[in-house]
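Got chain Y sorted already, so can you dock chain F onto it with the hints?
Protein chains in written order, with UniProt numbering: chain Y, 1 to 343; chain F, 1 to 343.
All the pointers check out, no bait thrown in.
Put simply, identical chains are the same to the list, so a pair is met inside one copy or across any two.
Derived BS3-like pairs (lysine-lysine); straight-line CA-CA distance at most 30 Å: (1) 70 <-> 335; (2) 336 <-> 311; (3) 297 <-> 317; (4) 297 <-> 341; (5) 317 <-> 335; (6) 336 <-> 179; (7) 298 <-> 317; (8) 311 <-> 335; (9) 336 <-> 173; (10) 311 <-> 341; (11) 179 <-> 161; (12) 341 <-> 317; (13) 222 <-> 161; (14) 173 <-> 335; (15) 336 <-> 298; (16) 317 <-> 73; (17) 335 <-> 298; (18) 297 <-> 222; (19) 341 <-> 298; (20) 297 <-> 335; (21) 311 <-> 173.
Calculated directly from the structure, the hints in this document are not laboratory data.
The residues making up each chain are set out below.
Number of protein chains: 2
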Amino acid sequence: MSSTQEASATDSPVKRPREEENGAAMETENGTGGGGGGEMIKEPSCMSSVIPGWFSEMSPMWPGEAHSLKVEKILFQGKSDYQDVIVFQSATYGKVLVLDGVIQLTERDECAYQEMITHLPLCSIPNPKKVLVIGGGDGGVLREVARHSSVEQIDICEIDKMVVDVSKQYFPKVAVGYKDPRVNLLIGDGVAFLKNAAEGTYDAVIVDSSDPIGPAKELFEKPFFESVNRALRPGGVVCTQAESLWLHMDIIEDIVSNCREIFKGSVNYAWTSVPTYPSGVIGFMLCSTEGPQVDFKKPVNPIDADESSIKSFGPLKFYNAEIHSAAFCLPSFAKKVIDSKAN
Amino acid sequence: MSSTQEASATDSPVKRPREEENGAAMETENGTGGGGGGEMIKEPSCMSSVIPGWFSEMSPMWPGEAHSLKVEKILFQGKSDYQDVIVFQSATYGKVLVLDGVIQLTERDECAYQEMITHLPLCSIPNPKKVLVIGGGDGGVLREVARHSSVEQIDICEIDKMVVDVSKQYFPKVAVGYKDPRVNLLIGDGVAFLKNAAEGTYDAVIVDSSDPIGPAKELFEKPFFESVNRALRPGGVVCTQAESLWLHMDIIEDIVSNCREIFKGSVNYAWTSVPTYPSGVIGFMLCSTEGPQVDFKKPVNPIDADESSIKSFGPLKFYNAEIHSAAFCLPSFAKKVIDSKAN
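If we strip away everything but chain Y, and leave its shape as in the complex, we get (with noise of 0.2 Å):
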């Protein structure tokens, strides 16, 4: 989830006194920004409007519930043309990056998000040659796609070069995505990118986006998933970022409306456990093709044990064959409104 957001931690109830807006915990280590043009400030709003000292995530996307973290040191803050980019250091979950005040990923649990999100729609097709993420610029979907050996071309379409700096610059693990050879990094909008893209070009196309209030809300729409499906191959799959049951079931409802109309192979809600994303799940939208079937349940592809992919990052930390197909086993109260919309 990397594109612009709304942001609303200064949606915080009371404002926390004048007094208190100093200490260790607030120290920049990147006082003067990354270059965004934007005007730096000594502390971020989000930042000490609710817990001193702590990050507090709050957003109309989420009303009433708010998750903080504890912030030992903020390594970077800047202003980008698309969004508000800090980058801290907390005390329990490694570095954590945050746009518009929403977490991106943390250290601790970004395994689960990029590892799901790659590895459900790559391991279902055999054989991918040609992938294309759009949004992802901290480059942890690339790290994931790198590791199928089957894979020729790497396309990424990111807005924000901003966060592909600073993800390259706070975040090496992550970042290593891009040192693959067959990445090719463009910086531009997603969707003008697909209505370009010559049609039947990929076999997955992967969408890493923020949340659909703001710029992202594109890429929740239909003219956006009409575009996925002209430049998807027959038999192809596309994997999007689809928010969580537990808050967002009209969202997801009309996701899966919208996909059903388009994508004539098959449509899927799956979903994972990520601790620091909202109500601690996150869910995806996987879809195909008319063309080859494909059961996205049943991975045919697998990665598990793939031992080259070890060798360039380390093993897999949260997916294997047998939570891909638990994914899409959905709660009953989900389940029946999705079963209601989808095939």
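What follows is chain F alone, placed relative to chain Y:
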């Protein structure tokens, strides 16, 4: 989860200034408490010290992070012989029960915990008749056990009467389990109760305990598991609350080792999503005694569509046979550790 726990909300880094200590959100409906004999304070410390008007959950069990819920109104606060008991109306999670600063249940997500801790064991054996619940004073597990028409006797041993009374008053849809005529409530110590239970009595024991620091510690230790093993019939099953894979692998490793030594049938770990528990997940240890073999991953006793159960308690919201099997699929980092200790 409803026994005693070590609170630590007072560990929050900075106290809120005195002058901010009132506001509509902090109004107490039941200002004189529930008869536990403790001294009443206007605001529980875990409420006021972090975000004004919000409840924040902090504990040495999950250092460096806190989940917070916006409080509409405090409905009850009391101090029993064992713990601080709070009920508040939250802005977006319904009513919330808090024991010693730790969220036990919210109306919005209690279904996941109660249904999974109950039906994972009871749907794994044919025809369960006698069931024992240790802890679980809120009555939610009783509600789920009562869905099983084969069950003839439901014993529950809860240490804290205040939890039972508060649940009956504020959570009627949870405490509804107490209305079942098969339920026998004993207020007392579960460890002592099990020591004195007749050998081979129960088909299933469900341990709905709090965390293993403080008085619930014994419920995670060998002598307790030995008592459970003794009280179960051959091929009987136990399901015990077993923390979070993301936060407590060390504790889980110990529990698995202990269970492996004691239970001569099968020993398995399952997990599920509960948004308001730390890291958004909770695990369960599922074991069977020597005797008829139990394969927990393949439920043999379906409950999904039991009509009389739906009549009394409404349809299941979370549990189904698919999610039962999926709960045993673990992420690689956990599978490695647990497989090395279990079967």
